[in-house]
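Q: Heads up: the protein sequence lines correspond to chains A and B, in order.
Add 43 to a position in the first sequence, counting from 1, and you land on the number used in this note's numbering.
Add 75 to a position in the second sequence, counting from 1, and you land on the number used in this note's numbering.
Rather than coming from a laboratory, the hints here were simulated on the basis of the structure.
Please note: incorrect hints may appear among the correct ones.
Derived, one-sided and incomplete: chain B residues facing chain A with beta-carbon distance under 8 Å [claimed, not checked]: (1) TRP82; (2) ALA114; (3) ARG117; (4) LEU119; (5) LEU121; (6) LEU165.
Partial list, derived from the structure: chain A residues whose beta carbon lies under 10 Å from chain B [said to hold, decoys possible]: (7) VAL47; (8) PRO51; (9) PHE61; (10) ILE62; (11) HIS76; (12) GLN80; (13) VAL87; (14) MET91; (15) ARG101; (16) PHE144; (17) PRO154.
The structure presented is a predicted model; accordingly, all values stated were derived computationally and were not measured.
Quick reminder that beta carbons are idealized off the backbone N, C-alpha and C, glycines included.
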Amino acid sequence: KNEVEQSPQNLTAQEGEFITINCSYSVGISALHWLQQHPGGGIVSLFMLSSGKKKHGRLIATINIQEKHSSLHITASHPRDSAVYICAVRKGANTGNQFYFGTGTSLTVIP
Amino acid sequence: SQTIHQWPATLVQPVGSPLSLECTVEGTSNPNLYWYRQAAGRGLQLLFYSVGIGQISSEVPQNLSASRPQDRQFILSSKKLLLSDSGFYLCAWSLPLAYGYTFGSGTRLTVV
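Bound conformation, chain B alone (with noise of 0.2 Å):
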């Protein structure tokens, strides 16, 4: 069966610090990864997806950045965290052409 995995489940980090979230999906090959992030009190906001490896689309201008160095590994990063990346973020899969839609358990991120 297929399973994802996000971690770390909870994190703080400084202003001007360097962020990576790591994301690895298992039992499926070739699928479509999304990073959301959900602000405090807002609804879900896609922020990167990727169809395929090394193929990364962003939907929303910001201070992050996201790889995918192989076909079920996804990673969000950026280089100087600011207060406003707080939120809890979420990574999520699904097959290409399906409907079925799974998310990961999430990091919460707070920037201090």
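The shape of chain A in the complex, shown without the other chains (with noise of 0.2 Å):
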């Protein structure tokens, strides 16, 4: 079983729909990342997160860390915003190997 779970895997959208992409994850954790992988393969992180909520323009993350869960939202989507969005969990800073990732969710908002 896989530390992080995505859901869903494929989401398809309208332009202007509000999205929600969901992220479980298993492990304790320091701190949880939203990462964008646009269909080139380059890798942006997003957000992260270690409590509560973080906006950036029309992105948001929220995590409650008693749920083991996290979501990121797009508001008025955008078919720029067409991407997968992988999330990432870190249990500390300290060492290398401690990062566990989803297998991402592809997004393909329609004009």
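Taking the hints as your guide, dock the two standalone chains into a single complex.
A: In structure tokens:
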């Protein structure tokens, strides 16, 4: 069983829709990251969360440490938001092998 | 500001040929460095990480090796590529005792 589970695996939305991507994890973590991977493969870090909620433009990320769950929301979605969104959790900061990744959610936003 | 460079962007290599992918970080000292692989339709898999020059830890037994000859240089190598080595390879760095994490632009390797 994967330590990080994302849902849905694939998501198609109409432009302007509100989008939610979910991430559940089974290990104790120190931080959770939401990453965006563009069709060419490049990965951008969107958020790093250890508690609460963060907002950047149309993107909102929340985390519930007790429930081991995080959500990424996109408001007023746009075709340029089409990408794979990856949830990654980190157990600690002082060693190199503590990242666990979800398999990603492929989002397509249709004009 | 810190930047990470990874090259080449794409690579097509025959089975049995050697491999060398390079990653360098600028603007920081003593970073933790990582090599990840993303096979088609699968998530990111940690291959190697390094917390200092000459210090390499391997997460998955495989046909690949890594080296860190300088503080901000991380190299992924293979003596003889296999078809199963095809995938998207990403280098990343983070600061010790910090949670920020930055990926390189990746190398798409196709072994034919």
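Q: Taking the hints in turn, state whether each one holds.
A: Comparing the hints with the structure gives:
1. Taking 8 Å as the C-beta contact cut-off toward chain A, the hint placing B/TRP82 at the interface is violated, the least distance being around 13 Å.
2. Interface hint status for B/ALA114: violated, as the beta-carbon distance to the closest one in chain A is roughly 11 Å, over 8 Å.
3. Proximity of B/ARG117 to chain A holds as hinted, the smallest CB-CB distance being about 6 Å (cut-off 8 Å).
4. Given the 8 Å rule on beta carbons, the hint for B/LEU119 holds: about 4 Å separates it from the nearest Cβ of chain A.
5. Hint on B/LEU121 holds. Least Cβ distance to chain A is approximately 6 Å, under the 8 Å limit.
6. Interface hint at B/LEU165: satisfied, since its Cβ lies 6 Å from the closest Cβ of chain A, which is below the 8 Å cut-off.
7. Against a cut-off of 10 Å between C-beta atoms, the interface hint on A/VAL47 holds, since the closest Cβ of chain B lies about 8 Å away.
8. Annotation: interface hint on A/PRO51 violated; nearest CB of chain B at approximately 15 Å, more than 10 Å.
9. Evaluation of the A/PHE61 hint against chain B yields a violated restraint, the C-beta minimum of about 26 Å exceeding 10 Å.
10. Violation of the interface hint for A/ILE62 is found here, the shortest Cβ-Cβ separation to chain B being roughly 20 Å, above the 10 Å cut-off.
11. Residue-level restraint check for A/HIS76 holds (minimum Cβ-Cβ distance to chain B is 6 Å; threshold 10 Å).
12. At its closest, the beta carbon of A/GLN80 sits 8 Å from a beta carbon of chain B; the interface hint therefore holds under the 10 Å criterion.
13. Below 10 Å, beta-carbon pairs count as interface contacts, and A/VAL87 has one with chain B at about 8 Å; its hint therefore holds.
14. Contact between A/MET91 and chain B, as hinted, is supported at the beta carbon level, the nearest pair being about 6 Å apart and thus within 10 Å.
15. Taking 10 Å as the C-beta contact cut-off toward chain B, the hint placing A/ARG101 at the interface is violated, the least distance being around 22 Å.
16. Of the supplied interface hints, the one on A/PHE144 holds, with its beta-carbon coming within about 4 Å of a beta-carbon of chain B, less than 10 Å.
17. Look at A/PRO154: its Cβ only gets to about 26 Å from chain B, farther than 10 Å, so that hint breaks.
Hint compliance for this structure: hints 1, 2, 8, 9, 10, 15, 17 are not met, and every other hint is.
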